[in-house]
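Trainee: Listed below are the residues making up each chain.
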Amino acid sequence: MKIPPPVTGLLAWFCGCCLPFAAHADVYYVDGKKGSDSSDGRSPDAEHALATIQEAARRAGPGDVITVAEGVYEGPIDLHIAGQPDRPITIQAASRKKNAVIITNAEPALRKGAVPWTVVDESLGLYRAALARPTCRILYSGVDLQPYASLDALKTFVTADGNPGPRHGYYYDEKAQMLYVRLHVSGKYGSPNPSDHLICVGPRTGGGYAGNNYDGPLFFNLGLRGNKPLHVVVDGFTFETPGYAGVYVDGSDVVVRNSWFLGCRAGVSGRRESADPSVTSNRVTVEFCDYHQYPAYDDMIELLELRKEGRIPAAAARFPLFWWSRKGNGAGNNNTYETGICNLVGSDWIVRNNDIHDAFEGLSTWAIRWSKGLVVTGNRLERLVDNAVESEDHAFGMRIYGNYIVNVVEPFSWQPLGGEPWPGSIYIYDNVVQSDLALNQLITAVSDWTPGWFKAGASSQNWEAPWNSHMKDLPRDVVRAPGDGVVVFNNTVFFPGGEFLTRVQPPERKFENFRFVNNVSVAAGFSRQQEDLGGGIAFSHNAWAYAPEGGVRGQVFAGADGTVFPESSSTWIASMSQNAEDILDGAPWKDLPGAGVPSATAAFPGAADIHTVGAGLNGRPWKMPETGPRE
Amino acid sequence: MKRAISSFIVLPLLLIGFGSLQGATLLDDAVAYWDFEGNLDGTHSINLTDVSGTTAGMTPTVVPTFNPVSGIKAVNAGTQAVAFDGSNVLKTNAASLRIGGAQTLWLRVNLGSIPSGTVAFMTRSRPVNSQRGISLQMTNGHLQGYLSADGTTYNTQLTNSSSYALQASSWYDISMRFDPSNVLRIDLYDPVTGTLLDSMETTANVPASISTSNSIGSGYFQVGSINNGSSGSAYIVPDGTLIESAAVWNSYLSDADVRSLSAVPEPRSISMLMMGGASLAMILRMSRCR
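Heads up: the protein sequence lines correspond to chains G and A, in order.
Numbered per this note's numbering, the first sequence spans residues 1 to 631.
Numbered per this note's numbering, the second sequence spans residues 1001 to 1290.
Please note that the accuracy of each hint is not assured.
Per label pair, the in silico range of CB-to-CB distance [said to hold, decoys possible]:
#, chain 1, residue 1, chain 2, residue 2, range
1, G, GLY190, A, ASN1067, 43 to 49 Å
2, G, GLU464, A, SER1113, 44 to 50 Å
3, G, HIS80, A, VAL1128, 34 to 40 Å
Because the hints were derived from the structure by calculation, they are not lab data.
Think of the CB as a built atom: it goes at the ideal place given N, C-alpha and C, for glycine as much as any other residue.
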């Protein structure tokens, strides 16, 4: 259709006159120390800056920017704002450095050092201080304290299930309103006297079995409210000891970037989990952030080493992983650390370029259980006690690619407990996994259990647990991943001393619609169960090398047209201590022929044409992802 | 509250007591505010009556007891509180408290004990069909909120067994806010430290309005119990309970407003007092120059 000249002229006039106004964006400055909410907020100086983020948000409209000066801002900060698709409201820290602009839910008097600490038992390093409200997270100078279920448990460092726990922790006596702490006596985290530390004591956690359901504003440091498209960008803050999440996204269309999550059970949380995407928080991006529960991993290593030396007993446990106190075995499930950087993920979330480290999980079932279209890419997941990324119970359309995964006990998990629908389609590709031989050997020596880099299976709970009544009459002999299934291709996994598979379903239950293609696995064995040949999993064009010793089932993993390298284990192990990019650059599998993976075309459009093996698709060099907050 | 301000300290107070004056403005905006400073009188002539809670129709009236209070550091702290002995309750039938839309209930309380079962703090309701309205309660130490749109059922039930468990002999500021079709929220503050102890809310089944029926339950507003019709009252606050002040607004107060009611002023520094004195001297000097 041809537009007549008068209309064209009118359009030109409209664009010339109106668009400059439409594109206009205001900047509001907040300075908690010098500002005043009666100021205009239009300049960062003391005369003009506002005092609170809330007041700036009240004034801001689509396209506006709120810049927050360095300082400590008490949460919860509960905002009801919304931008527009092309004009988001940006809330940004004036400095993205760690601890520069802090939003905290820590109990104010304790954080300011205004509450005295009293020695209860000097020989134990046991101190106490008055605390009026319950807590689920405590940091001392940034170091996370393990919760214990009773004062006696804290005195003896024995967890709720009778196993030895980390050598520092806390107990809160709710009736007496008294907080007891024991800091680490070694000095590696500083003085054992809490008076010498910045003590951050968060509030109680959220609702539900794992405390991860939103039940009030103490749940978050920063809440973005309104179950609708919000179009908000949050940039550069340090979030500290909320009830659960640093940022709570009640609606959709939010970006959280360049932020630090300290003492947060999760970094970013959606509003709820559901199979119905109309009630979940959707299109949320979490990028270039740093999330940790330091020293969760170091506590695990310390316990393993103490046990190896015979200096702590292990309870007569049914479960060999006695160091899992932070899973919830320490002081109850409501305090579980099995969370990860996100919580209650809805549809089309992106988690990219983050540093996720020194935590129990990277992305756990509490995060992704009903997620749809989740993308996990370009992250560095390091020093995690359990899994880097889980897909249970019902994740749909998950893509995990381009991540660097270092010293994670069991990097990937497909372990539903909720019955059908099983997780799928799940695409795992172009990742590099690198674990130390010493880690897997230490775990194996102490617990008589060997980690596997892929944990998979549907246990009998899927049919028998009371929450799975819909499964009682369904067959149990085959577990078929829906959609494209579980497609694992072109990953490079250095996992010396460990296994490929941790099977969590009985051998007679077969996998169906699981494919492993073009992967490189350097591991000690296929599976801890000697009879396990991965029943039902399709393997082809993989490369296998034994480290540290040979076996016979590497050929199973290599599969059709696959390769089992005959090199000695010492050669492999030595090379695995190098920089990952260097290893990949000169890798002996570089020239091995790969195969197309048409079943992954929905995730990676070129999948059908893949012709190489290992990370770095089709000869493109694999690059270490850029991760963490950018200053 | 406690606004008797001597004229000779007006200026320093303007400088250093701004927070309390803000609180006064907020309380002035209330539909009713009771400071319980030796009487049950409320603002806007909405007065409460102390009655026997165990008698049908809640008569006869009883002579209220007021106890001195101390230790509360919040800006609007008073010097007296109305006392409860486990049998008396406060009531009014003021029509202006039959609010169907947005509203906020607030009180400052110190419980004599934490009994098993339920205690009602502020209610305009009766737990029977057609007479339900709004109720702020506590069960086994955990705060609860209830709303009814039609008087028949409690559409909105805000409960959380993992919420903060209230303790006996401690001061608490409790607010419950209703935003129609949106949220029912309870906030719990410590008026000794100004700390937010807990905050809970629900957005499930929040009605567009609350029943304002003049039936006996949803007509009477009560402090310290819930109407139980012919049986008098139920859920009476336990013996030894003190309520230092209470208020009702016909709006959903902001988070900052609720926080300001419990705010504890920073210790006044010598420099601020000096600044106040210097300002006074400057004004006196200017007035002499005229």
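Trainee: Each hint should be assessed against the structure and marked as holding or not.
Mentor: For each hint, the structure was consulted:
no.	hint	in the structure
1	G:GLY190 with A:ASN1067: 43 to 49 Å	47 Å, holds
2	G:GLU464 with A:SER1113: 44 to 50 Å	45 Å, holds
3	G:HIS80 with A:VAL1128: 34 to 40 Å	37 Å, holds
Going down the numbered hints, you'll see the structure goes against none, and every one checks out.
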